[in-house]
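Top to bottom, those sequences are chains A and B. Numbering-wise (the numbering used here), the first sequence opens with residue 1 and increments by one. Numbering-wise (the numbering used here), the second sequence opens with residue 1 and increments by one.
Calculated directly from the structure, the hints in this document are not laboratory data.
In silico EDC-like pairs for lysine to aspartate or glutamate, Cα to Cα no more than 20 Å straight-line: (1) K108/B with E398/A; (2) K122/B with D134/B; (3) K52/A with E140/A; (4) K416/A with E89/B; (5) K108/B with E163/B; (6) K345/A with D371/A; (7) K14/B with E385/A; (8) K341/A with D370/A; (9) K198/A with E283/A.
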Amino acid sequence: MSNEIHHYTAEFQEFQQNGATKSPSWVNDIRSSALAVFTDRGFPTTKLEDWKYTNVSPITKLPYHYASVVSAVPSELVSSLFVDGIDQHLIVFVNGHFSEEHSKLNSLPAGVTVKNLISAYATHQEVIKEHLSKYATYNENPFTALNTAFINDGAFVHVPAGVSVEKPIHLLFISTGINGTYVAAHIRNLIVAEEGAKVSIAHGFSSAQANTNLTNVVTEVVAKKESVVEIVKVQRESDTAYHVENLHVHQYHQSNVHLFSLAVGSAIARNDISIIIDGESTECNLNGLYITSGAQLIDHHTFMHHIHPNCPSHELFKGILMDKSRAVFNGKVYVEPEAQKTDSKQTNRNLLLSDDAVVDTKPELEIFADDVKCTHGAAVGGMNETHSLYLKTRGISEGSARGMLTVGFAAEATQKIVHPVLRQHVDKIVVDHLRKKFGTANLPDIVHA
Amino acid sequence: MIEIKNLHASVNGKEILKGINLTVKAGEIHAIMGPNGSGKSTLAQVLAGHPAYQVTQGEVIFEGQNLLDMEPEVRAHAGVFLAFQYPVEIPGVSNSYFLKAGLNEIRKSRGEEELDSMQFLKMLKEKMKIVEMDPSFINRPVNEGFSGGEKKRNEILQMAVLEPKLAILDETDSGLDIDALKIVSSGVNKLKSPKNATIVVTHYQRLLNYIVPDVVHVLVNGRIVKSGGKGLAMELEANGYDFIREEMQQSA
Numbered sequence: 001m002s003n004e005i006h007h008y009t010a011e012f013q014e015f016q017q018n019g020a021t022k023s024p025s026w027v028n029d030i031r032s033s034a035l036a037v038f039t040d041r042g043f044p045t046t047k048l049e050d051w052k053y054t055n056v057s058p059i060t061k062l063p064y065h066y067a068s069v070v071s072a073v074p075s076e077l078v079s080s081l082f083v084d085g086i087d088q089h090l091i092v093f094v095n096g097h098f099s100e101e102h103s104k105l106n107s108l109p110a111g112v113t114v115k116n117l118i119s120a121y122a123t124h125q126e127v128i129k130e131h132l133s134k135y136a137t138y139n140e141n142p143f144t145a146l147n148t149a150f151i152n153d154g155a156f157v158h159v160p161a162g163v164s165v166e167k168p169i170h171l172l173f174i175s176t177g178i179n180g181t182y183v184a185a186h187i188r189n190l191i192v193a194e195e196g197a198k199v200s201i202a203h204g205f206s207s208a209q210a211n212t213n214l215t216n217v218v219t220e221v222v223a224k225k226e227s228v229v230e231i232v233k234v235q236r237e238s239d240t241a242y243h244v245e246n247l248h249v250h251q252y253h254q255s256n257v258h259l260f261s262l263a264v265g266s267a268i269a270r271n272d273i274s275i276i277i278d279g280e281s282t283e284c285n286l287n288g289l290y291i292t293s294g295a296q297l298i299d300h301h302t303f304m305h306h307i308h309p310n311c312p313s314h315e316l317f318k319g320i321l322m323d324k325s326r327a328v329f330n331g332k333v334y335v336e337p338e339a340q341k342t343d344s345k346q347t348n349r350n351l352l353l354s355d356d357a358v359v360d361t362k363p364e365l366e367i368f369a370d371d372v373k374c375t376h377g378a379a380v381g382g383m384n385e386t387h388s389l390y391l392k393t394r395g396i397s398e399g400s401a402r403g404m405l406t407v408g409f410a411a412e413a414t415q416k417i418v419h420p421v422l423r424q425h426v427d428k429i430v431v432d433h434l435r436k437k438f439g440t441a442n443l444p445d446i447v448h449a
Numbered sequence: 001m002i003e004i005k006n007l008h009a010s011v012n013g014k015e016i017l018k019g020i021n022l023t024v025k026a027g028e029i030h031a032i033m034g035p036n037g038s039g040k041s042t043l044a045q046v047l048a049g050h051p052a053y054q055v056t057q058g059e060v061i062f063e064g065q066n067l068l069d070m071e072p073e074v075r076a077h078a079g080v081f082l083a084f085q086y087p088v089e090i091p092g093v094s095n096s097y098f099l100k101a102g103l104n105e106i107r108k109s110r111g112e113e114e115l116d117s118m119q120f121l122k123m124l125k126e127k128m129k130i131v132e133m134d135p136s137f138i139n140r141p142v143n144e145g146f147s148g149g150e151k152k153r154n155e156i157l158q159m160a161v162l163e164p165k166l167a168i169l170d171e172t173d174s175g176l177d178i179d180a181l182k183i184v185s186s187g188v189n190k191l192k193s194p195k196n197a198t199i200v201v202t203h204y205q206r207l208l209n210y211i212v213p214d215v216v217h218v219l220v221n222g223r224i225v226k227s228g229g230k231g232l233a234m235e236l237e238a239n240g241y242d243f244i245r246e247e248m249q250q251s252a
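Here chain A stands alone, though its shape is the one from the complex (with noise of 0.2 Å):
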C-alpha cells in the first residue's frame, strides 16, 4: 500500500470515529464502498489519459487533513465577497461545514429547501437518497472516490415543481487555513429541481487568506422535466491552493440548463464537468472563463453526453493565460446512435498574454449517429493586430488597449450568464481581477449589449 492510501486509510478510520456521526448509516455504506475503490486505484498519473495534462502530485504528496474543525471566519470577509446590496439567498461554508451565522435564508419562496446535507436527512431523507451518488459516481475519477468515502456536509437545494425562484440562491463555501495543518474540506453538493422547477444558483468558492487548503467537491444537479436551472461557479480560491470539482448535471426531457464556470484561483484547478442530456428536445448551455497567471494551472474537462434525438448544446470556453501559467481545456462530446438530429457546437478560445503561458486544448468527438451537426474549433493566439490598432488609431496607449481588448475578450463570454445579478456578479469579479493582474485601476467595467 502506497503511503498516500496508507495516509487516507488512517484518516478514514479517524474520520468515521469523530467526524461522521451526524449522517444515517446507508450513507456511511456509500463511504466505505468509495474509500475501498479509492484504496484500490490510488490518485491519478499523468499516465492516464484523463490526467495526461494535468499533474496532481503536488496534491497527493501533502498529508492533507479532513477538516474537523469548525473554524470562523469575519463576516466583513463574507460580505466583500459580493457586489453591495445583492440581492440573494445565501448559504455559506467554511472548510466544507455549514456557517448558520452568515448563512441568510429567511425569504426562500414556499416550499423551497437550501440547507446544508447533515441538516436535510431529517427533512428529506427520501429525496437524497433517490439522488445522492447515483450520477457522480466514483468508480472512475479518484477524487470523487475520495470525496465520497468523506462525505459529510455539502449544500442541499430542493426546489419543488413548479416553484420559480426568482433571486439567486448563493452557494458559497470559504476555506480558511488552519496553521500546521494542510486543511481538505471534502464537500458534497446535491441540487435537486423538479418538474417545471426553475431556478439559478451562484456557485462560490473563495478564501479567506492565502493558504494551501484542498476543495475537493462534488456536486450532483438533477434537473427534472421541463425544469430551468442555471448554475454560475466562480472559483476564486488562494493561489497557493488546490481545487477539484466533479460537476456532475444529469438532464430529463425539456429542461434547459445552462452553467458557466469561472476559474481565476488556487494552484491547480481541476473541474470535470459532465452534463447527461437523458431527454428529448433538451437544451444544455455550458460556457466558462479562466484567467491564469503566475505558475497556475487551470483544467476543464468537460463532458456533454447526447443520448435523445433532437437535442442543442452549445458550449464556449475562453481562456486568457499570464505569466507561466497553464491551462487545459478537453471538451468531449460523445452522441448516442439514437440520438439523431443533435446540433453540438463547442468552441474553446484562448488568449495567451505571454510567451511563456502555455495550453493544452482538445476537442474529443465520438458520433454513432449519422443525422447530426456538430461543430467545434479551438484556437490560441496572442493580441489581434487589427483590433489593437483600432484603438490606438484612437489615441489609446497599447497598454490600454491590451487592457481593453482583454477585457472584451472576456465579456464574450460572461455575456453567456442568464440570470442578470449573477451576471453583474461575475463581471465584476473579472473585472477587478484583470485590474489586480494588469497592476491598473485603468479597466473598464464590462457592459453587455
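Assemble the complex: chain A is given as a structure, and chain B must be docked to it using the hints.
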C-alpha cells in the same frame, strides 16, 4: 498637411504600394479611387501604422514630422485618424469609455486637461447629433451588434470627438444604404474646416456626390496613375476603370 513621397509598402513580402506620391493641403478633400486590389486600403492602413505592412521605401511627412517613425497612437495624438472599412467590435467596453479614453490620451499628449465624465458626456451628446445617433449608443459596447450603417456612423462620431487634422476614410460608403450614406456624408461635411483635411478612399463614385472632393486620384496596381478634378470621378463612373488601363497601355 501631408506629403507622401515615393511610398513603397509590402505585406508578407508582397509589394502592394509601388511608389505613391501625394500631397494634401489643409482645407482640401482628396479622393483616392481604384479597382479592387489596387492598394487603396493598404495606403490607408500604412498611414495609420498597421504593423502587418512593411514600408520598404519612401517617406511621409505630416505637419513637418516623419509620420512613419511614429507609433500608431502617436500618429493619433498628432492628429491622424483612420475610419475603418470594417470597424472592430469590442464586446464589454462601452462606447463612451472607449471614446473618453482616446480623447483624454490625445488631450494629455497635447498638454491639455483631461475631461471629466460630466464634461465628456455633454460634449459627446452634442457630437452625436452630427451623425444623428441615439444617445442609447453611449453605453452600448463598441460596435457590438451594430448594423453596418451604425458602425460607420460610429466611425464618424469618433472623428467628431477626436477632431483630427487629417481624416482618412477607408471605404466608408461600403455597406451603406442611401439614407445612411447621406447621414455619414453630411457628418463628414459638417466637420470640414480650413484647418483640416480629408482623404476619402472609395471604390465607387457614389460617395463623392455627397462628399465633394477637390482632387481625385486613381490608384492602379500600387501607383497613382491619374489625378484630376471631381469630373474624373464621373468619368470613372461612366467608363469603369478599364479606360484608365487602356490609357496606361497606350502610353506604355
